[in-house]
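Given the structure of chain B, go ahead and fit chains C and W onto it with the hints provided.
Chains as they are written, first to last, in our numbering: chain B, 1 to 316; chain C, 317 to 896; chain W, 897 to 1231.
Simulated from the structure, these hints should not be mistaken for lab results.
Heads up, the beta-carbon is just placed ideally off N, CA and C, and yes, glycines get one too.
Careful: at least some of the hints might be erroneous.
[To be verified] Computed list of lysine-lysine pairs in DSSO-like fashion (alpha-carbon distance at most 30 Å, straight line):
(1) K1039(W) with K463(C)
(2) K1039(W) with K333(C)
(3) K323(C) with K1133(W)
(4) K348(C) with K1133(W)
[Unchecked claim] Interface residues of chain B toward chain C, partial, derived using beta-carbon atoms under 8 Å:
(5) G204
(6) M208
(7) G213
(8) A214
(9) G217
(10) N227
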Amino acid sequence: MTTQNAAAPETAAPDMGGLTRRQIKRMKRFDNPWRNPKLIWGAALLLGIVALGLIGRMFWDTDMVFTGSGLPRQAPVGFENIRGQIGTWAHPLGTDVTGKDILALLIVGAPNSLYVGVLASLIGMSIGIFLGFSAGFIGGRTDDVIRVGSDVMITIPPLLILVVFQAAYGDISLTIMAILIACFVWQSPTRLIRAQVLSMRESGYVHMARLSGASTGHIMFREMLPNLVPYLFGSFIANVTTSIVTAVGLEVLGLGPQRVPTLGRVIYDAINSGALIQNLWWWWGIPTVLLAVMFIGLLMVNLGLDEVSNPRLRRL
Amino acid sequence: MTILDFKDVSIDFPTSKGVVHAVTNVSLSVDKGRRVGFIGESGSGKTTTALSAMRMLASPGFVSSGEIHLNSLPQSNLLSLSSEEMRNVRLSHISYIPQGAMNSLNPVMRIERQIWDGIVAHEGSVSQSELQRRSDAALESVGLDPKIVASLYPHELSGGMKQRVCIAIGVCLNPDLVIADEPTSALDVITQRHVMQTLRDVQAEIGAGLILIGHDMGLMAQSVDEIAVLKKGELVEFGPVRQIIEAPKHPYTKELISSVPLVGGESFLDPSTASGTKPTEASDPTPLLELRGVSKSYGSLTALHTMNFSLDGTVPKIISIVGQSGSGKSTMGSLMLGFNPPSTGQVLFKGQDINRQSASQALAFRKEVQAVFQDPYACFNPFYRVNHALKFPFERFGLSQGSDHTRQAMEEACKAVGLAPETVLDRYPHQLSGGQRQRLIVARALMLNPKLLIADEPVSMVDASLRATILKNIHDLKDQHGISIIYITHDLATAYHVSDYVMVLYHGQVVEAGPPMEVIGDPKHAYTQLLISSIPWPDLDRDWGSSEDARTALNELAQIEGRHDAIFRGEIPGFSLTQS
Amino acid sequence: MGRIPASYLINRVTTLVLTVLIAATLIWIIPRLSGLDPASAALGRMAAGGGSVANADQILTQLRESFGLDQPLIVQYLLYIWNTVTLDFGLSTASFPTPVASMIANALPWTIGLMLVSLIITFIIGNLLGALMVWENTPRIWKVAIPSAMVFTSIPPILSGLLLMYVFSTQLRWFPLSGPYGLNVEPGWTLDFATSVLYHGFLPALSIVVVTFGFWALGMRGLMITVQGEDYTTLAKAKGLRPRYILYRYMIRNAILPQITAFALKIGMLVAGQVLVERIFAYPGMGKLLYDAILTQDYPVIQGVSFVIILMTAVAVFLVDLIYPFIDPRIRHGG
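Extracted from the complex, chain B is given alone in its bound form (with noise of 0.2 Å):
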C-alpha cells in the first residue's frame, strides 16, 4: 500500500484541473508541516498565558494578591455576591474571603505554574536525552541499568514521594518544587530517545556518518539530534504538562511553596474556606478555567506534533 503512495506522484505530471481551490489549500499543509492549525493555535493559548503575566504585571498592581487589598468576597464586574453587592472595577475578576484581589492572583500565579512546568520539564529532558543517548549509545551494563531504572522509576507516581518530601521539610520555593518534580519525568524521554537512538544507529546515515568518519558527538547531535526534534519536542509538551498536574495536585493538597501565590494554592484556599458552598464560584472558578486553558493549549500543541513527527496522523 505505501508502495503506491510512494510511487504515484512519479509516474505522471500532475494535472491541477479537478480539484477545489479548497481542496488544494486543505492538501497543502502537506507540504508543510509545521504549519499545523494545531500547533498554531495550542501555541496562541500559551503565549496568551504568558501575556497575561507579563502585560498583566504593568497595569496592574500586583501587590494586591496580599490579604486586605480589598473589600472580602466581591464578586466580578457584572455579578453580585450573596450579599447582594455588584462587582466593582477596583477588582475586576472579584476577591476571595480575606480581601486578595483574583485578578492580581491570577497574574502572578500563572506564569509561576508555567515556569515551574517548563523548569522541570527542561531538567527532565536533559536528565532524558543524557541518559537516552547514553544506553543506546554505549549499551550492555550501562543500557541495563537505564532501562531498568526507568521502568522502575515510571510507577512510582511522583506527587505521593513529593508529598512525603515535603511533610519532612515544610515550605520550598518554586524552584525547588520545579527541581523535586524533574526527578520524576526523566523517565519517559529517556525511553523514547533510548529506542529511537538503538534504531537509528542502525540506520543507513548513521552508517555512512561513521563511514565518514565522524565522531560520537558528530554522530549524536549532527546526525541524530535532529531528525528527533519533533518527538523531542513532543516529549517536553507532554512532560510540562504532568509538571504542572504534579505542582497543581501539592498546591493543592496544601503543599507546595507557601508564600508565592500559586494557581493551585488559590484553589486550595478556596476549597478549604468552603468557598464551594459559599457559593464564592470566582475564586475558584476562574483560576480553574485559566488552568484548563493552560493544558487545552499543552494538548493542542502537542497534537500538532504529533502530526509533524507522524505524517500518517494528518487528514485530508
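Just chains C and W, lined up with the frame of chain B:
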C-alpha cells in the same frame, strides 16, 4: 471465455500538487484458467490496476473512468456493486495474495482461524468439523502439514510457509480469479521457486484466472501465459509470453528483458573499459585486507564460521560474496567495516587490527575503506540536503582545498556516475529516486577515492533498468580508479559478470569458491547447483522444473546443512581464502 | 497456554521488587536527609500545629522506637524495610494510638473500588473512541464529535472534579456534595446501601473518566493508524470479512497490545490524580487519609499511605505484565 475485463480503466490520485493519473486507459482481459503477468517498475501502476479489481485502492485513489467486469457475476460490473456486495465478491470470486508475506497474517490469531473466518464471512455458520476439514484441505493443497501448522501462530512460521498460508487462504473458496502481488519478493530464490510452483499448481487445480504482479522478467517467463507490460500507468504491450520474451515490439519491453543479467550470457559491462586496469603505486607485501581466524557468533548462533581471507590491493579486484539471507554475507561486510568486532580472530587493514586503532589511525582507515549499502533511501539523513553526505567526509578527511574545490569535486563525481549535478546536489533526499540516490552514494565513494569499497547488495532495491548502470559505475571504480571491491550479493548472475573471484556462503560457511567462470558457470557443489537451477530464466525453453523438483531440492538442502565440504575451484593472484 | 518464558517472569518479578524497594527507601531516606531527628521534628511540628500534645512522651517514645533511633543507621534501615514490607507502619500520631495499618485498611476498599471502576471504564471507552476515530466505517457524526471531546484530555481530574461538583452538586443538587454514602443508610450488604454507594461514587468516578479517556483515545488513534496500514488489515479486507469483525478481531485486537503496556506505565499517574479527587469529594479513601495526615503532620500515616499506593501501583503493573503473555502469543513463545 474471459473472466475479468478491464475496459478503458483510468485511476487518479488527487495530491497537493494536483491530480496524478496513476493509470490511464488500460484495457485488457484475463481468460479463465490463464495466468497473466503484470510487469513494470515501481510507479508503473501495475499494483494499482490489479487492486482496482478488488476495489481496494489506497486512499485517495479512485477509478476515474472505465469499467471492470467480472464475468462470473450475474451483474458483472464491479464498480457498480454496493460495498456489501463487493465484500461478498472478495475471496469467493476474486482473491488476493499480498506482497508482504512477513506481515500479512494476523499475529495474534492461529493459522486455521484465519482460514475459518474467511469461510464464515461468506457462507455464514459452518459446522466446526466442516471448517476443520476445509482448512486442513487448503493447507494440504499448498504442501503444508495441517497437523503441525494449523494451530501455530504466524510468528512461528518461516517466510515461505507464511506465503503458502496466504495462498491457501486465497484459494480456499475456489475463486474465479487470483491476484498475486509480488508473492515472492521477500523470499530467497530457492523458496521462491517452491512457492511459485505451489501457486501455479493450485491455480491450475481450481481452474481460476491468475494475475501475477512482478518486476522480474525471468520470474514472469517461468510463471505466466500472457504478459502485460506497464509503464507510467499505461499499458505498452500485451501478448502471449513467448511473443513478449522472444519478439518484444515496444522498446521498453526490450529494455526490461535485456536488463536481466544472465549467467553465461552477454556481459552488460562495456568490454572496452575492461582493459584500463592500472596497478596502484607501490607494491607493499602487507595485504590490503586480511581476516585472520575470524568468526562471529550471536549467542549460541554462529553467523560466520572461522575463516582466513587475504586480499592484496596491488592489482584491484572485485571479490564477490554470494549467499541467501542468513548466510553470513552481511556479517562479513560489517566485520570488514569495523562496525562489529569479530568473536574470534582479527580483521587487519594494511596489517593494522581495525578494532584496535588510535583515533588518527581510525580516521585513515575510514578514508581508505568505504561502502555502498543496500537501501538507498536510508543512506541520506532526511534533515540535510543530499550534498551533506558528499561534502562532510570530503572535508573531514582533509581532501578539500576550500568550498569551491569541494563543489567542483562533487560535480565531477556526479558527472562520472551519469547524474547532472545541478539537478540533484541541492535537493533533499526524498525528492530523489532510489536510483539517483544510489548513484550519489557511488559518486561519494568515487570522490573519496578509497583503496577498498564494500558494496553490500548495492542494486537489490533499485529498479531493474538501473541495476546495470549502477553496477557499471561500481565496476568503473575498479577499472578507472584502482579501487578493490568486495561485492556482497544474493544474485549469482551479477556476481558472474562483475567479479574476479566468487565465494558462495551458506549458513556462515564457504561452500564453493573460485573464479566465477568455474563456480557459477559450472558449479560443483550441490548448494551452488541448487541456487543456479532455482534462478528463473527469461527463456521459455529453459524450464524451471516441476514442483516435485523444487521439493526434492529443498530436501537436498536439508541434507547439505551441517556438512563441511567446501570446494575450492582455483586461485587468482593476490587473493587467498581458507576456512577451517 | 501457561507457558510464560522464565526470563520474562524473572524480569517482571525483579521490576516489582525493585520498585517496592526503591519507593520504601526513598520514603525512609527523605526525612533523614533533612538532618533532623525525625521523631522530635515530627513532634515539634505537631506541637506547633495543635497546641498542647496530650501524651507527648508516649508518642515520642513510640516514634523513637518505630524509627529505631538508638540503633546504627543500617539496622534502622533494615528494620524499617522489614516493618514496611510486613505492612507495619507504626501508630498514627494524630489519632494516637491507632495503628496506621488499620487506618489504611479502612480506607483502602473505597480507593480500590473507585479506582477499578474509573480506570476500567476510562480504558474501555477511551480505546473504543480512539479506534472509532480511525475506522473507515465510523458514522460521520462520531468522526466530528470524538475529536471535539478531546479538548478535555489533559486537564487533571481535580479540575474536572471541581467543575462537576459545582454544577451537579451545589447548583443543580442532583448529586451529593461529599461522602461515600448517605447519612441515613446503614453500611451492609443491602440494596439501599449499594445504591447509595453508587450514587455517591458517580461524580468522583465521572470526574476521572471525562478527563482521562482522551489519553487512551489519542494513543489508540495513533496505534490504529499504524495497524490500518499493516498488511494483515489489507488481507483481512481482501478476504471479504465484515468490517465490524475486522475492526474488533484484526485492528483493535492488535492495536490494544501497546495500550495495555501503557496502562501499566500510566497507573501511577492515574492513581495520583485519583488521590486528589478523593480529597475534593471528601471520599474516605487513601486520598482523604493522606490529606488529613498532611494537615495534622501525621508522618507515619503519610509514609504508610504513600507506600501502600506505590505498592498497589507496582502490583497492578505486575499483574498487567503477567496477563500480557496470554494476549500476545509472541511473548508466550519467547519470540
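Tested hints:
1. K1039(W) with K463(C): violated, 45 Å
2. K1039(W) with K333(C): holds, 27 Å
3. K323(C) with K1133(W): Between K323(C) and K1133(W) the Cα gap is close to 25 Å, so the pair holds against 30 Å.
4. K348(C) with K1133(W): holds, 24 Å
5. G204: At 3 Å from the nearest chain C Cβ, G204(B) passes the 8 Å test, so the hint holds.
6. M208: Where the cut-off is 8 Å and the nearest Cβ of chain C is about 5 Å from M208(B), the hint holds.
7. G213: This hint holds: G213(B) lies near chain C, its Cβ roughly 4 Å from the closest one there, short of 8 Å.
8. A214: Given a least distance of 7 Å, the restraint on A214(B) holds.
9. G217: Check failed: Cβ of G217(B) comes no nearer than 13 Å to chain C, outside 8 Å.
10. N227: holds, 5 Å
Hint compliance for this structure: hints 1, 9 are broken, all remaining hints hold.
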